[in-house]
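Engineer: Letter by letter, the chains look like this.
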Amino acid sequence: MHEAKAPKRFEADKTEWDRIAETREFKDLMATKKIFIVPAFVFFIVYYFLLPLLVGYAPQFMATKVIGEVNLAYLFALSQFFMAWTVAWLYVKAAGNFDRLAQDIIEKAETRTAQQGGQ
Amino acid sequence: MSTALVMFLGFIAVTLGITYWASKRSAGTSAYFAASRRVTGWQNGIAVAGDYMSAASFLGIAGIIAFQGYDGFMFSVGWLVAYLTVLLVVAEPLRNAGRYTMADVLAYRLKPRPVRAMASISTLTVSTFYMIAQMVGAGALVALLLKDSGISYRTAVIGVGVLMIVYVVFGGMLATTWVQIIKAILLMAGTILLSILVLAHFHFSLGDFFNAIAHVTYHDKGQEVVKDFLTPGLRYKPPYGALDLISLGLALIFGTAGLPHILVRFYTVPDAKTARASVVWAMVLIGSFYIMTTFLGFGAATIVGRDFISTHGGTNMSAPLLAQALAGNIFFAFISAIAFATILAVVAGLTISASTSFAHDLWTNVIHRGEERKPGEEVLVARISAFVVGAVAMAVAILLGPTANVAFLVALAFAVAASANLPVIVLSIFWRRFNTTGAVTGLAVGLLASIGLILLSPSLMAIDPPTVTGAARHLIQAKAIFPLENPGILSIPLGFLGAILGTLLSHEPTSEHKFNELLVRSNTGLGAERAGAH
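Residue numbers (my numbering), protein chains in the order written: chain A, 1 to 119; chain B, 1001 to 1534.
Lysine to any residue pairs mimicking SDA-like chemistry, simulated, CA-CA at most 25 Å apart:
| hint | chain 1 | residue 1 | chain 2 | residue 2 |
| --- | --- | --- | --- | --- |
| 1 | B | Lys1514 | A | Glu107 |
| 2 | B | Lys1111 | A | Glu11 |
| 3 | A | Lys33 | B | Asp1104 |
| 4 | A | Lys34 | B | His1513 |
| 5 | A | Lys27 | B | Pro1509 |
| 6 | A | Lys14 | B | Pro1509 |
| 7 | B | Lys1514 | A | Ala114 |
| 8 | A | Lys34 | B | Asp1271 |
| 9 | B | Lys1237 | B | Phe1482 |
| 10 | B | Lys1514 | A | Ala21 |
| 11 | A | Lys33 | B | Gly1527 |
| 12 | A | Lys65 | B | His1215 |
| 13 | B | Lys1227 | A | Leu75 |
| 14 | A | Lys14 | B | Trp1431 |
| 15 | A | Lys33 | B | Val1280 |
| 16 | B | Lys1514 | A | Asp13 |
| 17 | B | Lys1273 | A | Val92 |
| 18 | B | Lys1237 | A | Leu72 |
| 19 | A | Lys14 | B | Glu1512 |
| 20 | B | Lys1227 | A | Phe76 |
| 21 | A | Lys34 | B | Ile1500 |
| 22 | A | Lys34 | B | Lys1273 |
| 23 | B | Lys1273 | A | Glu22 |
| 24 | B | Lys1147 | B | Thr1003 |
| 25 | A | Lys33 | B | Arg1432 |
| 26 | A | Lys34 | B | Ala1277 |
For the record, the hints were derived by calculation from the structure and aren't laboratory data.
So here's chain A without its partners, still in its complex pose (with noise of 0.2 Å):
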């Protein structure tokens, strides 16, 4: 089997995944994501139903031309694309900074696993 020949798997007992997640670290590195995720998500949330929203109870507002026969639902619609892919750019570049708390909390719990010579 393929698996066989993997890198092995961390593993631990419950005590220990306990005590990691009392740890400084993960609890700094839970805080650090919510800072962004759930902003982040509140905003998305927010601007992409505001176009249902008035798409579907004010249409008349929405067909007011902007350029030319360019009108502000198509606009705002594609807005949204855009909305998309600056969200989505800086969740990358936040989550290079939850990696690197992330590689920290394992790289101790793997020399704290290996010293204690269980694994």
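Fit chain B to the supplied structure of chain A, relying on the hints for placement.
Structural biologist: Just chain B now, with coordinates in the frame of chain A:
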């Protein structure tokens, strides 16, 4: 032999070659189900796009925009923005904590057997419905495109079904991935070419193009009408249009992150970081594609026109007919071949996710309590179930026939994914108190609410005039009880409510016991499945 048939055969030859190559690299469980987790970020990104952009989005969306203008473009927007849910909420935790299926993440801290059984039922429901919709569409389309070569609906369905079974049974996830990559590249190339030709038709003047969109002429009940196709409201009309639009948005935004065939793709990459990169790659492709539906859809509306499309195969033929109008029969054949590749890649993705769930969740973990009795048994069962799933989808598609009203099955798949799958995935990752009863009731309520509301919706309930016959008639000849095409606005809250109430009304301390482990695993990637060696 028509040019279209030659191009179809060319695509089949290339993909069968890939399947042969992949079949030699698909020994072992992780190789078969997850391409040994060695797919790179950009490859997986393109494959996600190829898995996602179905015939419904290529042919369907061009047709909806060609006939109903701006409202059709609303689908395009939702199909991309939905990937932010995948990116921010689902992809990385899933890759970190799971192995082969969505249920892996749920089974971590909940009681594995009931949770896997329910999750697998939901996965099989979504995949089978979606697949039947694609097969009926594929059969009708291929028969139409290859009319000159004498290919009937039945032959077309059998051809598509046999090919998808061959890809999945022999080539596993690796072959499926490459079929999806090739399809996505062809689809992008075809769409870019079509868009440039549409612009060239308007002498590269966006002003002229939008001017034409604002004055689309067609005949409605014998009367000539001129409409501004950029104005909202041609599809979603009062009194329920606005609610239906919001409901559609909810199903897309929350459903995409619960589609099993998309979720399994994130197990094919080495780690969560690569999963993230692949979502971004997918978003670049998917976004560019859906922006270009502006040219496909409005191009068909202005250059070909509703009148001509209606008498030459109907809405789904909008994009191929546009190609024919702009660059003749060779380009028509090329776009038709792309449509064919599109269908094949999507049905192959659906087949592999359904068979993986059956083998890994139901067979190994529910029936045999997590023990593989013989090495390779899980893969063998998956191969057999891929064959069975494919055969069932073919049989149902042939029984329903080319005129069957199946468009609602795609809406149903998204509704189930959003109302059953997504709530339990999210709650199991984020809510410490969540438990097995909650997961089972959430999945069951979400699934039943979606199916029930679709049954009562205008998609299945309507009074047809006597001229409509056979499978094209609505199932229930009465006025619809639930007025919306999309049940999401009611079924998603019901799914969450079922999961939350089920949890609060039961007591199960063991499910909280392992929450910390799942929390650490899903957020750091500690102990995640690694890529296999060659």
